[in-house]
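Now for the letters of each chain:
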Amino acid sequence: MIRVWWIGSAGEDAAMTERVRARVEAVFKLPAELCCDASRPVDSLDLRRGQHSSGRILEWLLQSMAAGADASDRVLGITDADLFIPVLTFVYGEAQLDGRAAVASTARLRADGAKPGDPLVAERLVKESLHELGHAFGLRHCVDARCMMSRSASLPGVDAKRDAPCDDCRLRLAERRKRRTP
Amino acid sequence: MNPDRTRILVVDDEEIVRESLGGWLEKDGYTLGTAPDGPSALKAMREEKWSILLVDLKMPGMDGLQVLEEARRLSPDTEVVIMTAYATVDTAVQAMKNGAWDYLVKPFDPEELSLLIQKIVARQALVRENTMLRRALRREYGFKELTSRNPAMQGVLDLAKTAARSHSTILILGESGTGKEVLARAVHSESPRAQGPFVAVSCAALAETLLESELFGHEKGSFTGATARRRGKFEAADKGTLFLDEVGDIGPKLQLDLLRALEDRRFFRVGGSEPVTVDARIVAATNRDLKKAVENGDFREDLYYRLNVIPVRLAPLRERREDIPTLVDRFLEQLSLEMEKRLEGLTDEAMEVLKAHDWPGNVRELRNVLERGAVVCTGALIQASDLGLISDTGTPTAAAAVPNGAPASLEHVEREHISSVLAFANGNVSQAARILGIDRATLYAKIRRYGLRRGGEGEEPAA
Numbered sequence: 000m001i002r003v004w005w006i007g008s009a010g011e012d013a014a015m016t017e018r019v020r021a022r023v024e025a026v027f028k029l030p031a032e033l034c035c036d037a038s039r040p041v042d043s044l045d046l047r048r049g050q051h052s053s054g055r056i057l058e059w060l061l062q063s064m065a066a067g068a069d070a071s072d073r074v075l076g077i078t079d080a081d082l083f084i085p086v087l088t089f090v091y092g093e094a095q096l097d098g099r100a101a102v103a104s105t106a107r108l109r110a111d112g113a114k115p116g117d118p119l120v121a122e123r124l125v126k127e128s129l130h131e132l133g134h135a136f137g138l139r140h141c142v143d144a145r146c147m148m149s150r151s152a153s154l155p156g157v158d159a160k161r162d163a164p165c166d167d168c169r170l171r172l173a174e175r176r177k178r179r180t181p
Numbered sequence: 000m001n002p003d004r005t006r007i008l009v010v011d012d013e014e015i016v017r018e019s020l021g022g023w024l025e026k027d028g029y030t031l032g033t034a035p036d037g038p039s040a041l042k043a044m045r046e047e048k049w050s051i052l053l054v055d056l057k058m059p060g061m062d063g064l065q066v067l068e069e070a071r072r073l074s075p076d077t078e079v080v081i082m083t084a085y086a087t088v089d090t091a092v093q094a095m096k097n098g099a100w101d102y103l104v105k106p107f108d109p110e111e112l113s114l115l116i117q118k119i120v121a122r123q124a125l126v127r128e129n130t131m132l133r134r135a136l137r138r139e140y141g142f143k144e145l146t147s148r149n150p151a152m153q154g155v156l157d158l159a160k161t162a163a164r165s166h167s168t169i170l171i172l173g174e175s176g177t178g179k180e181v182l183a184r185a186v187h188s189e190s191p192r193a194q195g196p197f198v199a200v201s202c203a204a205l206a207e208t209l210l211e212s213e214l215f216g217h218e219k220g221s222f223t224g225a226t227a228r229r230r231g232k233f234e235a236a237d238k239g240t241l242f243l244d245e246v247g248d249i250g251p252k253l254q255l256d257l258l259r260a261l262e263d264r265r266f267f268r269v270g271g272s273e274p275v276t277v278d279a280r281i282v283a284a285t286n287r288d289l290k291k292a293v294e295n296g297d298f299r300e301d302l303y304y305r306l307n308v309i310p311v312r313l314a315p316l317r318e319r320r321e322d323i324p325t326l327v328d329r330f331l332e333q334l335s336l337e338m339e340k341r342l343e344g345l346t347d348e349a350m351e352v353l354k355a356h357d358w359p360g361n362v363r364e365l366r367n368v369l370e371r372g373a374v375v376c377t378g379a380l381i382q383a384s385d386l387g388l389i390s391d392t393g394t395p396t397a398a399a400a401v402p403n404g405a406p407a408s409l410e411h412v413e414r415e416h417i418s419s420v421l422a423f424a425n426g427n428v429s430q431a432a433r434i435l436g437i438d439r440a441t442l443y444a445k446i447r448r449y450g451l452r453r454g455g456e457g458e459e460p461a462a
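Chains as they are written, first to last, in numbering that gives the first Met the number 0: chain V, 0 to 181; chain Y, 0 to 462.
Hints in this document: simulated from the structure, not taken from any laboratory.
A quick note: this is a predicted structure, and the numbers were derived from the prediction, not measured.
Hints are supplied without guarantee of correctness; some may be wrong.
As the list claims (entries may be wrong) - Quick look at which bits of chain V chain Y covers, simulated, 3 or more residues with Cβ under 8 Å: (1) 76–85; (2) 132–145.
Stated by the list, open to error - The calculated label-pair distances, taken between Cβ atoms and stated as ranges, are: (3) V:L29 - Y:E47: 34 to 44 Å; (4) Y:E343 - V:R178: 54 to 64 Å; (5) V:R178 - Y:R72: 41 to 51 Å; (6) Y:L125 - V:S38: 48 to 58 Å; (7) V:R161 - Y:D101: 54 to 64 Å; (8) V:V142 - Y:D101: 34 to 44 Å; (9) V:R178 - Y:E47: 46 to 56 Å.
From the three backbone atoms N, C-alpha and C, an ideal C-beta is built for every residue, glycine too.
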């Protein structure tokens, strides 16, 4: 099971999160559901930088899913907060490599002036959500610029990707799934 | 550019920086290590090889510049990138002066970091490739490839190796195919001029006037067709080695020109009036008996002594049969790579055939025979029958048939055999030389000497 959870400060764009959920379910071949929990991360805001620590958010997501979650479950947080890791100016998202939590943000996906509700932002969010969840399923960055696991450090890079893995990454995902299945 | 081979060590006193940066880079497929301070980083460097160090400038105890200095000493191939939250031009300049690859101000842009790491990885891949190619070249042309179990040959190779380190002229004597050019290249690669060019000229392959222009170059308009000034091989070999192959075959006029060039270390281009000075080490080679040629008046005595400073004689393969197994192993390894075919070796019978053969074409002939065997063999082992040295009746094939049972001179048999091989090869000199196991230059010389047509049928009219 993959939980897709809106944890942003603004109201949820239900169409956008549903689009993410449907694509996540299709790509990872696992049931995905939207989470309606109204709680939000605390202590993730860095006042000096005016940004949110993606690491803190991941910790919060892990604590939030702990009760009753199956070991194979994953959680994807979606936020409108501007995310950072200490050495970088920003990140589009972050995930535990081969872990259980991932987070993706819309904040920088609008950096070229796209308005909230713009289908382009939803399209980008789908790609970055798949990318971060891919890490949580053990995938590393891919050299194929069209693969969802390609590292994107800028919006043109995000736009160049597809919302699907390349053949190699699809195979890796299938192998990992097989290993997990008893 | 393979991230798997790139090992990155993140050195920072802040745990959160080590973890977040390490995690970020790990997702690119790099192998990550972390160290909380300078001494731990240097310990990690002594224990393992790291491709890139990302080092924080301000750390308690040993700062980033000190780590950089030590890292350069411990592992000059490791590239160091300095990170700091306190950007000052002075420290940036100091870091670059001390050999840092670059300088990043925290927090840095994700794209900037990605590009920086990719650039370093690409450069290190190029450096690795360059090193491998250099090693391969040294293996190909160095003395390591010239080993022998024959005591006399070992003495010859030792002499050549010692002589290589001097600037003296070396004269390599030996039959066709004994490896004169291979030895000349080894001499060059072992010499203080190894970084300079190695230029080979086959003196037998060209007519005298062409050879003169080839060696000394020509000025524009010096003869019909000289549409531009052209540098000769002497000039091309400046600060390097000029290998004059088949030097015994050059004509009287060129012998004199060559003698002057060697004595004065300068010469005139064909049609030129300005002397050209060069600094080239001469290595000459011939399969002729130069001393006899001097006695017969075919070769200038003064040039002979000028070239014969350190004579080195390469023994024919039939005089060092003990080297055949080693040569076979080496050639099969090369052929296996070139042909992308698995070759495990020869059957015992095939090896016996090789040891029994007389090898008139010497080492070159051995390689050609093995190449044929490697092409023909159906499995990974070359059979005796694959080598083409045994006739259908099981007897070794003769180099050329004796005409009508009448005794014939060696020269006559050689002439007839070359003629028939040229005809077989439809006049293709390269192919004929390969079949005969001699180089093209030698074949050209023999064609001229015997007055043969390249088509092989009949004689050229006597001049």
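field: Annotated coverage of the region 76–85 of chain V by chain Y, confirmed only when three residues or more have a Cβ within 8 Å
entry: holds (count 3)
Beta-carbon spacing of L125 (chain Y) to S38 (chain V) - inside the hinted bounds 48 to 58 Å or not: Holds - the Cβ-Cβ distance for L125 (chain Y) and S38 (chain V), about 52 Å, lies within 48 to 58 Å.
Range hint compliance [Cβ, R178 (chain V) to E47 (chain Y), 46 to 56 Å]: Since R178 (chain V) and E47 (chain Y) have Cβ atoms about 29 Å apart, the given range 46 to 56 Å is violated.
Range agreement (Cβ of D101 (chain Y) with Cβ of V142 (chain V), hint 34 to 44 Å): violated (23 Å)
- request: Could you check the hint for me, namely that E343 (chain Y) and R178 (chain V) are 54 to 64 Å apart, CB to CB?
  value: The hint (54 to 64 Å, Cβ to Cβ) is violated, given that E343 (chain Y) and R178 (chain V) are roughly 38 Å apart.
- request: For R161 (chain V) and D101 (chain Y), compare the CB-CB distance with the range 54 to 64 Å and indicate the outcome.
  value: violated (33 Å)
message: For the hint 34 to 44 Å, verify it against the beta carbon of L29 (chain V) and that of E47 (chain Y).
response: holds (39 Å)
message: Taking the Cβ atom of R178 (chain V) and the Cβ atom of R72 (chain Y), is their distance within the range 41 to 51 Å?
response: holds (45 Å)
- prompt: Per the coverage rule (Cβ-Cβ under 8 Å, at least three residues), is the region 132–145 of chain V covered by chain Y?
  reply: As far as the region 132–145 of chain V goes, the hint holds, because 3 residues have Cβ atoms under 8 Å from chain Y.
When the structure is compared with the earlier hints, violations turn up for hints 4, 7, 8 and 9 and for no others.
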